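Protein chains: 4
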Amino acid sequence: MRFRVSSQMEYEVLSSSTLILNIHALRTPNQTVLEESLSVEPYLKSEELISIQGENRFMRIEIEQPCYLKINYSAMVDNQTKLIDSELLDDVPISQLDASILPYLYPSRYCQSDKLYRLAYNKFGNIVNAYQKVIELTDWIHRNVEYLSGSTNSQTSAYDTVTEQAGVCRDFAHLGIALCRALTIPARYFTGYAYKLDPPDFHACFEAYIGGEWIVFDATKLTPLNGLVKIASGRDAADTAIASIFGNVICRPISVTSECLEEKFEPFFYHPTTPKGLAYL
Amino acid sequence: MRFRVSSQMEYEVLSSSTLILNIHALRTPNQTVLEESLSVEPYLKSEELISIQGENRFMRIEIEQPCYLKINYSAMVDNQTKLIDSELLDDVPISQLDASILPYLYPSRYCQSDKLYRLAYNKFGNIVNAYQKVIELTDWIHRNVEYLSGSTNSQTSAYDTVTEQAGVCRDFAHLGIALCRALTIPARYFTGYAYKLDPPDFHACFEAYIGGEWIVFDATKLTPLNGLVKIASGRDAADTAIASIFGNVICRPISVTSECLEEKFEPFFYHPTTPKGLAYL
Amino acid sequence: MRFRVSSQMEYEVLSSSTLILNIHALRTPNQTVLEESLSVEPYLKSEELISIQGENRFMRIEIEQPCYLKINYSAMVDNQTKLIDSELLDDVPISQLDASILPYLYPSRYCQSDKLYRLAYNKFGNIVNAYQKVIELTDWIHRNVEYLSGSTNSQTSAYDTVTEQAGVCRDFAHLGIALCRALTIPARYFTGYAYKLDPPDFHACFEAYIGGEWIVFDATKLTPLNGLVKIASGRDAADTAIASIFGNVICRPISVTSECLEEKFEPFFYHPTTPKGLAYL
Amino acid sequence: MRFRVSSQMEYEVLSSSTLILNIHALRTPNQTVLEESLSVEPYLKSEELISIQGENRFMRIEIEQPCYLKINYSAMVDNQTKLIDSELLDDVPISQLDASILPYLYPSRYCQSDKLYRLAYNKFGNIVNAYQKVIELTDWIHRNVEYLSGSTNSQTSAYDTVTEQAGVCRDFAHLGIALCRALTIPARYFTGYAYKLDPPDFHACFEAYIGGEWIVFDATKLTPLNGLVKIASGRDAADTAIASIFGNVICRPISVTSECLEEKFEPFFYHPTTPKGLAYL
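Chains as they are written, first to last, in our numbering: chain R, 2 to 282; chain W, 2 to 282; chain H, 2 to 282; chain A, 2 to 282.
The set of hints was computed from the structure by calculation and includes no laboratory data.
Being a predicted model, the structure only gives us computed values, none of them experimental.
Among the clues, some could well be false.
Copies of the same chain look alike in the list, so a pair counts if it fits in one copy or across any two.
[Unchecked claim] Here are the simulated lysine to any residue pairs, SDA-like style, with alpha carbons at most 25 Å apart:
hint	residue 1	residue 2
1	124	223
2	124	257
3	46	102
4	46	128
5	124	148
Build the full structure now, drawing on both the sequences and the hints.
Right under this line is the structure:
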């Protein structure tokens, strides 16, 4: 499915700074970046980097002088998703997990799964099928956590959200990941451009590794699962922050768009009568 | 320098389980494993894996039946360290850090550097040289945190330790790492066999990336810095746990040894009159 | 109902210290202390104090020299409880609460009700009757929190327990109180001697102020509600610690007994078919 | 010294609600309320209450209908302070503390002194004089914690502030109290009208019980210590919140004034060359 996505970011840079941005559409076997443009104003040294896992693309900009910085990114992307029957989406035994998957079982800054074992087992431990476990924990988050802009900040973690029960997409994703890992299901953070997200913004959700696939889940239920263009995946927002700022920089409002270039877009959400999982990569 | 190291671990396994062990001496350009033996009793399927960063070796053991499991690891290792003058050990600008180093700037489960910025800057921000910053924060931890066996547990993090001021080697390392990252110095967790550690045990300390080298620091000051045989490095103990247990398993006491095979061993500790940093890799 | 209760405590006192003990049976209109004895060995200055609310009795012992201290308390107590129909046990509007009750609505050290509003409302907010709310939150704690000796310490609070879901009687009580207060139901901590508690120990549970009465609830369900001899009530364990130690003191095991002096004791627990609340004071 | 103080508060009340306000000047032997007026618009049932310790005055307003509520309080107050030489301001042994003082030694919601023992002892434990201890911990807070409006919220506690090192007057006071209690010095929260506070607002600071007096300390150093009109004291902000709202209410900006009615006002701050403590009550 083809999408055109864009983001505009502006920064008031007050001192020499370095900016790391995770805004490029990811290139994967199933996601082709057909065309792409990036402008940085004023002209500054920038470089594209590939993260350690050989997966994420990110951009580093060195800013030597105070300035008013404008970044415009735009891309046309073609990606494919697949739908997998839920009965194929069961736990992969830990003894068969690839070494590259294991880190997604461990607790991370915002996903303290080690503190949620009992809660996760009490709530979801006796559900047999792994897909069903993740569906139910996603539904539980959706029912219990209120989506409330401004209710959390960059330090908020799954341990907070499980009790305080308010947050934004980032918090919903962190809690989903933490509960999965507490149930010994590898899970990772997913950032992307989201078609039909209202108001438009970068979006975060998560992937659980079940049946040998990274299946996408979104406890906010705010956007169709098949309308995402992936930017990055990582252990949590610490790995995949849209912007990491080193220096004295004031962020201005950002603008994000996502447009579907197909004639027809059938929004896809999970539904209990047709239990399937959707994978991007 | 040559060392003979060993570890014996015993587990009462009560259900089918998977065990992931990080006890092998690491193979690096500067650390050669001359000979190595591993025995697992009873005979069980085990495999050696390499972690995603292509660096750590670890072992996965699948245990299908309840049993009393004994693991014996022994190795003869030859490693080299280098000493670098402190004036060469300054901050690497973020704009010049390799993509593989950047993750060590970000907060992790046990090293919530994002919560320590002000404290770190208030205490150490005006020290010019990066080596000196890390030396002083290490000394500060050493003076203020009491080494107290049993005072902490597997959930204790740098955010706890900075206030509660008691812990074990793991906690000292986590706090050192968190303070470094809060000061924009990449830092990682280091586990190893430690010569002259009393009582003998696995040891944890940390490395800070300064002057383009991973320099080792140990806020416990319990063992010579040149007596370590590296097992693993990672963001924190979540990445490099000696043992990760999935299943119903009771740990029995472990036994660890480290012996120096050289005629002469000059214990090396940092000293203000000869400001140098020691690197392993 | 008559009970004979006793406690023996021993301390190895290593420096001059002050000990504050909350072990006396409370004197109230409904709880008469028929006889009472206290011995402190070696002979030391001790005094009985009444807490600020004019309610709790406690004892302060000044220990000028290192010594091995033995305290023996024994009492015969006659107390009365009343049973109140649940339909009479509804919320008292805040506008009608006595000033002496209001503090039990506010968060305290171990009962951070301010962090549990959403969770409490999501789970119990739509239950109409206040008694029923407290019964259901008590049952929820009982089902979800595992009673596990040694799983918590003196710093553990309701905010921890709601997620970590393991603890002892103190933790069960703190969580019950915090949930009540989050639902705008005044609640307080209750310590006492408990008949038929196995193994014998001091016990903690809580009282909720509904229908104008302090109704007792015990999420551990370990002892009959009508077998308690009250020692103290307060906002949480910070107010009513069995022992507060100022100085260098090692605690030795304590011994507690409670015996019913009646011919017949009908253990009383709440049961859904006969919804009644039990009050002590 | 005579002061005229006033506060105006407005609330958009969206449902039937109860409001508890702590805005009245306290009546004490040393603080006389010469005249006082209160208006509540629209006319609503309100009552003045006295808190359980017989000390604080507060007001409860019952609001049965949605309305736009305006509260105007104004008072002329005459109060007296005394200055006490620091050498008279030493620790009161716990064995001599009045029962009414003991609760101020225990941890409370926002002052988790039980988590700060080691830190407090490491930093201030070897200072001999109690006044000097509190002066130094106040100075340490002043140097290390940045006064930053909006950096904290109603859940922020001393345990957060000691590490995150930013906050407002409430946070400065909570940290001061927690450190005092960790050093076995009773301490309580103090709210009041503050002359020369800029911008004008309610103010919070703290009192430490040393030398048998409640000596006032203010780690913000924003207002003269002798320009306060006391509203309330309590364990922390949970006890003495300016406004506790039960219901659906939107707060509008408040307005606070304090004016000195004397010809001459000599602002008093602590100074190392004349070590004295100032007491209000």
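Is the C-alpha distance from residue 46 to residue 128 at most 25 Å within one copy, between copies, in both cases, or in neither?
neither (52 Å within a copy, 29 Å between copies)
Go through the copies and call it for residue 124 and residue 257: within, between, both or neither, with a Cα cutoff of 25 Å.
Neither way: residue 124 and residue 257 sit 37 Å apart in one copy and 37 Å across, limit 25 Å.
Can you tell me if residue 46 and residue 102 fall within 25 Å by alpha carbon in one copy, between copies, both or neither?
Result: close only across copies, 20 Å inter versus 35 Å intra.
Check residue 124 against residue 148 for me: Cα-Cα at most 25 Å, and say if that holds within a copy, between copies, both or neither.
Cα proximity of residue 124 and residue 148: in one copy and across copies (22 Å, 17 Å).
When Cα atoms must be at most 25 Å apart, do residue 124 and residue 223 count as within-copy, between-copy, both, or neither?
Cα proximity of residue 124 and residue 223: in one copy and across copies (24 Å, 23 Å).
The structure is inconsistent with the numbered hints 2, 4, although it conforms to all the rest.
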